[in-house]
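Protein sequence lines, in the order shown, are assigned to chains A and B. Going by the numbering used here, the first residue of the first sequence is number 1, and it counts up by one from there. Going by the numbering used here, the first residue of the second sequence is number 1, and it counts up by one from there.
Keep in mind the hints are simulated off the structure, nothing from the lab. Be a bit skeptical, because a hint or two may be false.
[As the list claims (entries may be wrong)] List of simulated lysine to aspartate or glutamate pairs, EDC-like, C-alpha gap at most 16 Å:
hint: 1; chain 1: A; residue 1: K147; chain 2: A; residue 2: E132
hint: 2; chain 1: A; residue 1: K68; chain 2: A; residue 2: D58
hint: 3; chain 1: B; residue 1: K99; chain 2: A; residue 2: E45
hint: 4; chain 1: B; residue 1: K99; chain 2: A; residue 2: D81
hint: 5; chain 1: A; residue 1: K68; chain 2: A; residue 2: D81
hint: 6; chain 1: A; residue 1: K68; chain 2: B; residue 2: D124
hint: 7; chain 1: B; residue 1: K87; chain 2: B; residue 2: D158
hint: 8; chain 1: A; residue 1: K103; chain 2: A; residue 2: D66
hint: 9; chain 1: B; residue 1: K144; chain 2: B; residue 2: D57
[Claimed, not checked] If you want a taste of the chain A side facing chain B, the calculated C-beta under 10 Å gives, among others:
hint: 10; residue: D58
hint: 11; residue: L63
hint: 12; residue: D81
hint: 13; residue: I85
hint: 14; residue: V89
hint: 15; residue: A90
hint: 16; residue: R91
hint: 17; residue: G93
hint: 18; residue: V96
hint: 19; residue: F122
hint: 20; residue: G123
[To be verified] Taking beta-carbon pairs under 10 Å as the criterion, some of the chain B residues facing chain A (in silico):
hint: 21; residue: K2
hint: 22; residue: L6
hint: 23; residue: P32
hint: 24; residue: L33
hint: 25; residue: N35
hint: 26; residue: P44
hint: 27; residue: D47
hint: 28; residue: N48
hint: 29; residue: P49
hint: 30; residue: R102
hint: 31; residue: G125
hint: 32; residue: R126
hint: 33; residue: I129
hint: 34; residue: Y131
hint: 35; residue: Y134
Every residue gets a Cβ at the ideal spot worked out from N, C-alpha and C, and that includes glycine.
Here's the letter readout for the chains.
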Amino acid sequence: MKSHLMYHLIALCLFVHSGSTWAEEARPLATNAVVEVQVQRLSEELRCLVCQNQTLADSHAELAQDLKQEIREMAAKGMTDQAIIDYLVARYGDFVRYRPPLKSTTVLLWLGPFALLLAGGFGLFLTLRRREKVALEPPLNADEARKVSELLEIDKES
Amino acid sequence: MKRFLLPLVIFLVVVGFLFKGLNLDPREVPSPLVNKLAPMFSLPRLDNPEQVFSPKDMLGKVWLFNVWASWCGACRDEHPVLLELSKTGIVPIYGMDYKDTRQDAQQWLDQGGNPYIATAMDIDGRVGINYGVYGVPETYVIDKTGVIAYKQIGPVTDEVLRNKILPLVKRLQAQ
Chain A
1 MKSHLMYHLI ALCLFVHSGS TWAEEARPLA TNAVVEVQVQ RLSEELRCLV
51 CQNQTLADSH AELAQDLKQE IREMAAKGMT DQAIIDYLVA RYGDFVRYRP
101 PLKSTTVLLW LGPFALLLAG GFGLFLTLRR REKVALEPPL NADEARKVSE
151 LLEIDKES
Chain B
1 MKRFLLPLVI FLVVVGFLFK GLNLDPREVP SPLVNKLAPM FSLPRLDNPE
51 QVFSPKDMLG KVWLFNVWAS WCGACRDEHP VLLELSKTGI VPIYGMDYKD
101 TRQDAQQWLD QGGNPYIATA MDIDGRVGIN YGVYGVPETY VIDKTGVIAY
151 KQIGPVTDEV LRNKILPLVK RLQAQ
C-alpha cells in the first residue's frame, strides 16, 4: 500500500516537472518585455490571412505564428510599429490590416454606414412630417358630430 | 403604385450588391506584389542541397514559380495540370516546397511525378513570407525582367491555365 502511494507521488512529480519544461520551450526569443508588448499590440492590429476573421493575436494557425515571430524579430531590431506594418502591407496588401486605411477604394466601407444612417434619418423625418399633417386635419365637422351623437343615442336605447 | 417604387428600387440595389457578392471569393486577396520585382532569395535545391536556386538565374526567361507542399491537399488537384504543362515545354516551371521536409517532398514527387525543373526548399517559410504566401498552392508568372506579372492563389486549373496563364506567358515571351 505504502509503495503504491510512493508510486503515485513520483508520477505526480514527474508530471509537474515535465509540464514546466514544456512551458519554457514554447517561448522563443520572448525574453524582452518591451518587445513583447509591441508584438502584442501589433498582432491585435493585423489579420491572420489563413483564418480571415481573426487577428494574429487570436490565431493559432501556423502562418500566424510565423508572422508573429517575424514581427518579434523586427521589433527586437527596433523597428517602429509603422515600419513593421508597412513591411507586411508590402507583402500581403491592405487586407492584412484589421482596420483598413481610408482611401478612394475604401470610402464606401468607411462612410457607407453613416450615409445609410443619414438616409434613414431623413426618411424618418419625412414620414413624421407627413403624419403630423394628417393629425392636424379637423376631426369632425358639425354635421358629422350630430350624426355620431344620433347613432350613439340609438345604441343606448336599444 | 408610386409608394411601392422606392422600396422596389432599394430592394433591387440590395439584390445587385448581393449578386455581385456571390461571385467574389474572399480568399482571393489581391497581391500588392503584382507588377513588382520578384523578391530575391537563394535556397538549397530539393534534388541537391549543395546547389542553390535563385530567381536571379532566371533573368531573361518567362517562368512559372509554383509554391507547393506535400501536406497540401489542393496541390494534389493541380499536380496533373502542371505535369501536362511541363510536358509541352511551353514555359519552365520551378517549384518552392513550403514548410515541408525533404523526405516527404521527395516521396511526393517520386509518387506523383515531377513537373519542376528544380524545387527550392523553404523549410522555415521565410521566403514564403517575402512572397506574401498564405494559401498553398500559389503560382506566380514572372517575366524576363524578373517582375511578377500574375499571381494565382489556390490551384492552377485547366481553365485558369487556358484562359489566363498561357495567353499571358505567350504575350510576355513575345516582348
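Q | Proposed interface contact between K2 (chain B) and chain A, which counts if any beta carbon pair is under 10 Å | A | Violated - the Cβ of K2 (chain B) stays beyond 10 Å from chain A, reaching only about 14 Å at its closest.
**Q.** Given hint G125 (chain B) near chain A, where the shortest CB pair must fall under 10 Å
**A.** With a closest approach of 5 Å, the G125 (chain B) hint holds.
Q) Any CB of chain B closer than 10 Å to the CB of D81 (chain A)? A) At about 18 Å, which exceeds the 10 Å cut-off, the nearest Cβ of chain B leaves the hint on D81 (chain A) violated.
Q.
Given G123 (chain A) as an interface hint, is its Cβ closer than 10 Å to any Cβ of chain B?
A. holds, 9 Å
Q. CA of K68 (chain A) to CA of D58 (chain A), is that 16 Å or under?
A. Holds, because 11 Å separates the two Cα atoms, which is no more than 16 Å.
Q | Agreement of hint Y131 (chain B) with chain A interface, Cβ distance less than 10 Å | A | holds, 7 Å
Q: Under 10 Å, Cβ to Cβ, is where V89 (chain A) needs to be relative to chain B, so tell me if that hint holds or is violated.
A: Check passed: Cβ of V89 (chain A) comes within 7 Å of chain B, closer than 10 Å.
Q. Does the CB of I85 (chain A) sit less than 10 Å away from some CB of chain B?
A. violated, 13 Å
Q.
Can you verify the interface hint for P32 (chain B): is its Cβ closer than 10 Å to any Cβ in chain A?
A. holds, 5 Å
Q: Below or equal to 16 Å on CA atoms is what counts here, so check K99 (chain B) against D81 (chain A).
A: violated, 27 Å
Q. Hint check: is the beta carbon of F122 (chain A) less than 10 Å from a beta carbon of chain B?
A. violated, 12 Å
Q. Was the hint right that V96 (chain A) lines chain B, CB cutoff 10 Å?
A. holds, 8 Å
Going through the hint list in order, the structure does not satisfy hints 1, 3, 4, 8, 10, 12, 13, 19, 21, 25, 26, 27, 28, 29, 30.
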